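S.K.: Given next are the chains, with one letter for each unit.
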Amino acid sequence: MSELIEPRSPSPNGHAGGDIASEELVGHGPFVTHFDEPSLDYGITETKITETTLEELRSIATRYPQARSALLPMLHLVQSVEGRVTPAGIEACAEILGLTPADVSGVATFYTMYKRRPVGEYLVGVCTTALCAIMGGDEVYARLQDHLSIGNDETTADGKITVEHVECNAACDFAPVMMINWEFFDNTTPEQAIKIVDQLRSGAEARSTRGARVCTWKEAERVLAGFPDGRADEGPTAVGPSLLGLRIAQQHDWAAPEPEHIQDRPGEEG
Amino acid sequence: MTDPLTPVLTANWGDERAWKLTNYEHSGGYQALRSALRMEPADVVAIVKDSGLRGRGGAGFPTGMKWSFIPQDNPKPKYLVVNADESEPGTCKDIPLMMASPHTLVEGVIISAYAIRANCAFIYVRGEVLHVVRRLQQAVREAYSAGYAGKNILGTGYDLEIIVHAGAGAYICGEETALLDSLEGRRGQPRLRPPFPAIAGLYACPTVINNVESIASVPSIIANGDDWFSSMGTEKSKGMTIYSLSGHVANPGQFEAPLGITLRKLLDLAGGIRAGHRLKFWTPGGSSTPMLTDAHLDVPLDYEAIAGVKSMLGTKALQCFDETTSVVRVVLRWTEFYKHESCGKCTPCREGTWWLVQILKRMEAGRGQPGDIEKLLDLCDNILGRSFCALGDGATSPITSAIQYFRDEFEAAMHTPAWELFPYQRSTIFDREPAGAGA
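Sequences listed follow chains C and A, in order. Taken in order, the first sequence gives residues 1 to 270; the numbers are from the working numbering. Taken in order, the second sequence gives residues 1 to 439; the numbers are from the working numbering.
Derived from the structure by calculation, the hints contain no laboratory data. Just so it is clear, the structure is predicted and the values come from calculations on it, not from any experiment. The C-beta atom is built at its ideal place from N, Cα and C for all residues, glycine as well. A portion of the hints provided could be inaccurate.
Here chain C is said to cover these stretches of chain A; the calculated rule only asks that three of the stretch's residues, wherever they fall, bring their Cβ under 8 Å from a Cβ of chain C [what the hints assert, rightly or not]:
#1 91 to 102
#2 118 to 128
#3 255 to 267
Per the computed footprint, the stretches of chain A lying under chain C, defined by three or more beta-carbons under 8 Å from a beta-carbon of chain C, are [as the list claims (entries may be wrong)]:
#4 159 to 171
#5 181 to 195
Model the full structure from these sequences, guided by the hints.
M.R.: This is how it looks when you write it as structure tokens:
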């Protein structure tokens, strides 16, 4: 084991910003994955789950041919009420689905979107998978942490902002990408990222570059649980890179061939 | 001669509010559904089979053939599951499709479910794309209201429930059997095959799992015919598809073209590599497909030709990196991704990715040790083909291909940090002098 580079202890305030040319691995800091995270805190007894929540949890279970399929959206709903996964939320899901709390915990701790610690009003995720990282995601991530004086998966004292680095969010043509409550903030720079989080901290509204006005993290979790928030019609159809090939084709009058044999297709005569 | 670009799936992305049902119908939407419902399900399967459509999620398996594996004499319910868990690094085509034109997918779902005689379909979309989830939820609601989904669709007696299901953050759930476990409310871990999902999939019932782009291609095939579809593309790779160009290119973006276009042509259209730089390496289909170099610019981007240069077409995610990029750094980041996303079920992947990261980290820091390159290759050899699913195999692709093409950089990692060989600021695209990340 001595030949290994041991995981570094976190810097005093626990974050990974710092000299980009130093040996500190920019954007990554201590080597931790969600498997290494502390488990759920079963000491927590407080809960905001009400009879209404339980009704909604039960209603999710009825959407599926087999109730257990509802567990992922049910846990999203728990987070929308509790601000995290709580023991009470786990027990509620277990009771409704006829599972043991251990079964439900096993699921809740597998997926990265389920949080074991309270999340701020806005969860800011910076993509640091290879392509975003090298194109500037590392710098965005480090500068945001420096600006907010928090480390990965930590929350500002006012409870507004949690920062984490995320894996590829399927927007590589908009790299570097930042997500706020799972809305796209495309082609971000350190300056823009800082501006937007400051805006959110001051209580102002922020709008995704190709989505809706940013709602709170709890509200977002409620949509993921299958309870729409009426914002589907906000934002554009598509922007920039999504339209590049289409625009070039239009300029050149390029198109798919005209269908030639429509009359030969089976079923049309009947 | 087919045009270089052939927008079909992307054709309405520039339209105002294309995600609304009325606008989709106005551009001809749901006419293919009406045609399909007038056909026998088996004939719908036959058209898709004859079109030559192959799965667009990475493996390239013929879609119609997959459908024909569903045993129609099996009395159990049949299910259609759309894999909308797009998360392979570099891949970014399904998300804009579902955001711009969710009805293209929903119409494809209804036709495809009808073809395999399923009365329940799921769209398993990754949870980290909130607005896409909203647009899908709304599109499905609209389809129900218009009589395209639910009971007695368009008076034909055919019933279909469609459920939009948001995941919770796990790349492994893009693996089809892990997706099924996840959809059953479990940890997303892959299943042993056989039995294949076509025989025992969701709830141990016959199940078809298809990628978003595959299903979204179905309405156009029904509307225009299998001959129309197969008139595009190459001999064994038929039709149009969406290529995603990203990285150090002047203009990244989505390009819908017949299969077989080359990266050289796509780069020409995109204005080339960013000004003053040149291509160093690229992936043809996401990080799990072995990287290629500027020697491969003229290889047709179809399933066979890319396999011919020992890579895979995958998801057609063309990530381009220029000469400022440290290949060791990029490979480390991809490997960290696989380590993070390994589900932990099998030992070669769970332990192997962990060890790969340890070695690559010290190499990035210029503290590689004699024998490290061989150790990396040996580890890859023990992961590839010995893992439970393709995640482990995919994790080895960037490493073995990078060592094949850029061994000297791994040699240099014995003494010089990657950030000295390739100052990291030079790879960023910020239009200014970098501030040095708080330095």
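S.K.: Decide, hint by hint, whether the structure agrees.
M.R.: Against the structure, the hints come out as follows:
1. Here the region 91 to 102 of chain A counts 8 residues with a CB under 8 Å from a CB of chain C, which clears the bar of 3, and the coverage holds.
2. Counting residues of the region 118 to 128 of chain A whose CB lies closer than 8 Å to any CB of chain C gives 4, so the stated coverage by that chain holds, three being the minimum.
3. Evaluation of the coverage hint for the region 255 to 267 of chain A: fulfilled, as 3 residues show C-beta separations to chain C shorter than 8 Å, against a requirement of three.
4. Remark: the region 159 to 171 of chain A is confirmed as covered by chain C, as 9 of its residues place a Cβ nearer than 8 Å to a Cβ of that chain, reaching the required three.
5. By the rule of at least three residues with a Cβ nearer than 8 Å to a Cβ of chain C, the coverage given for the region 181 to 195 of chain A holds, with 7 such residues.
Consistency with the previously given hints is maintained throughout, with no hint failing.
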